[in-house]
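Asker: Chain by chain, the residues run as shown.
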Amino acid sequence: MNKQKNQEYLDFIKEREPTTSLFPSILWAFLIGGAICVGAEALGMWALHLWPTLTPKDIGAIEASALIFLASLLTGIGVFDKLGKVAGAGTFVPITGFSNATTASAMDGKSEGIVFGVCAKMFAIAGPVIVIGTVVSTLIGFVYLIFRL
Amino acid sequence: MEIFLSFLYTFLAGGVIVLLAQILIVKTKITPARILVGLLVLGAILEAVTAFKYLEDFFGSGVTIPIVGFGAVLARGAIEGARATGFLGVLTGPLTAASAGLSVAIVSAFFMALIFKARTKNLK
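These protein sequence lines map, in sequence, to chains G and E. Under the working numbering, the first residue of the first sequence is numbered 358, with each subsequent residue one higher. Under the working numbering, the first residue of the second sequence is numbered 4, with each subsequent residue one higher.
Just chain G, with the same shape it has in the complex:
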């Protein structure tokens, strides 16, 4: 009896679950994600035009920093959320998503104060990316070091 009730309930929530239809959402993700990358590429070319001595590494840093700042600002003024609703992975898989995660989490923490709110909460979502990224790349570095690659 109980089991049957459970099943009924599971069917019920399945029915009510919000579903995103696949096609429009992947199309928007594709278009907006692609556009963000092209924007960054264009910015990098412009930077190289202004300062021809930049190395490819510098250009990568400039592109990433600019997108991160822009995404943070758009999160602050509340535009990023609206864009993200349409774009889905299109805005959160590029580096803009990392920036949105830190800024939005920091803003959410504001009511709990600066130190334990803004500063501590800032990494609630972005933290795993920094931790896993650092751990994995350090391991890779040690593999290179040990095998003298």
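Do not rely on the hints blindly, as some may be mistaken.
[What the hints assert, rightly or not] Here are some chain G residues pointing at chain E (derived, C-beta under 10 angstroms):
#1 Glu398
#2 Gly417
#3 Glu420
#4 Ala421
#5 Ser422
#6 Phe426
#7 Ser429
#8 Gly433
[As the list claims (entries may be wrong)] Below are the PhoX-like pairs computed for lysine-lysine, each with C-alpha atoms no more than 20 angstroms apart in a straight line:
#9 E:Lys56 / G:Lys414
#10 E:Lys32 / G:Lys371
#11 E:Lys32 / G:Lys442
#12 G:Lys371 / G:Lys360
#13 E:Lys30 / G:Lys442
#14 G:Lys467 / E:Lys120
#15 E:Lys120 / G:Lys439
#16 G:Lys371 / E:Lys30
The hints are simulated quantities; they were obtained by calculation from the structure and are not laboratory data. Every residue, glycine too, gets a C-beta built ideally from N, C-alpha and C.
Using the hints, position chain E against chain G.
Answerer: Frame of chain G, contents of chain E only:
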């Protein structure tokens, strides 16, 4: 014309990466945070097996701007550090390579949080 083609490749690469992530989000129950971490590790591994360089040469920002590029930058920092200064280089390399982006993300998030209020809280 050449510039147009390179923009097209950038657009397609970036678009396809996010498209695959979007399919995972819609079709599976994998959370976005896990997808981000997965792509990050993928980027680091591609860099470790020296494949990322070729993708970057061809697709430019199309592969460096998605989070796979962040993983690759971290791994590249570790590898270059290992070659340049050995043990210490492995430790300083990854975060040094990613430092510009990380610093902007932290400083910018801090000041945005001071200036703006979270909108969801206003509803209460």
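Asker: State for each hint whether it applies.
Answerer: Evaluation of the provided hints:
no.: 1; hint: Glu398; verdict: holds, 4 angstroms
no.: 2; hint: Gly417; verdict: holds, 6 angstroms
no.: 3; hint: Glu420; verdict: holds, 6 angstroms
no.: 4; hint: Ala421; verdict: holds, 4 angstroms
no.: 5; hint: Ser422; verdict: holds, 4 angstroms
no.: 6; hint: Phe426; verdict: holds, 5 angstroms
no.: 7; hint: Ser429; verdict: holds, 4 angstroms
no.: 8; hint: Gly433; verdict: holds, 4 angstroms
no.: 9; hint: E:Lys56 / G:Lys414; verdict: holds, 12 angstroms
no.: 10; hint: E:Lys32 / G:Lys371; verdict: holds, 13 angstroms
no.: 11; hint: E:Lys32 / G:Lys442; verdict: holds, 18 angstroms
no.: 12; hint: G:Lys371 / G:Lys360; verdict: holds, 16 angstroms
no.: 13; hint: E:Lys30 / G:Lys442; verdict: holds, 17 angstroms
no.: 14; hint: G:Lys467 / E:Lys120; verdict: holds, 8 angstroms
no.: 15; hint: E:Lys120 / G:Lys439; verdict: holds, 16 angstroms
no.: 16; hint: G:Lys371 / E:Lys30; verdict: holds, 14 angstroms
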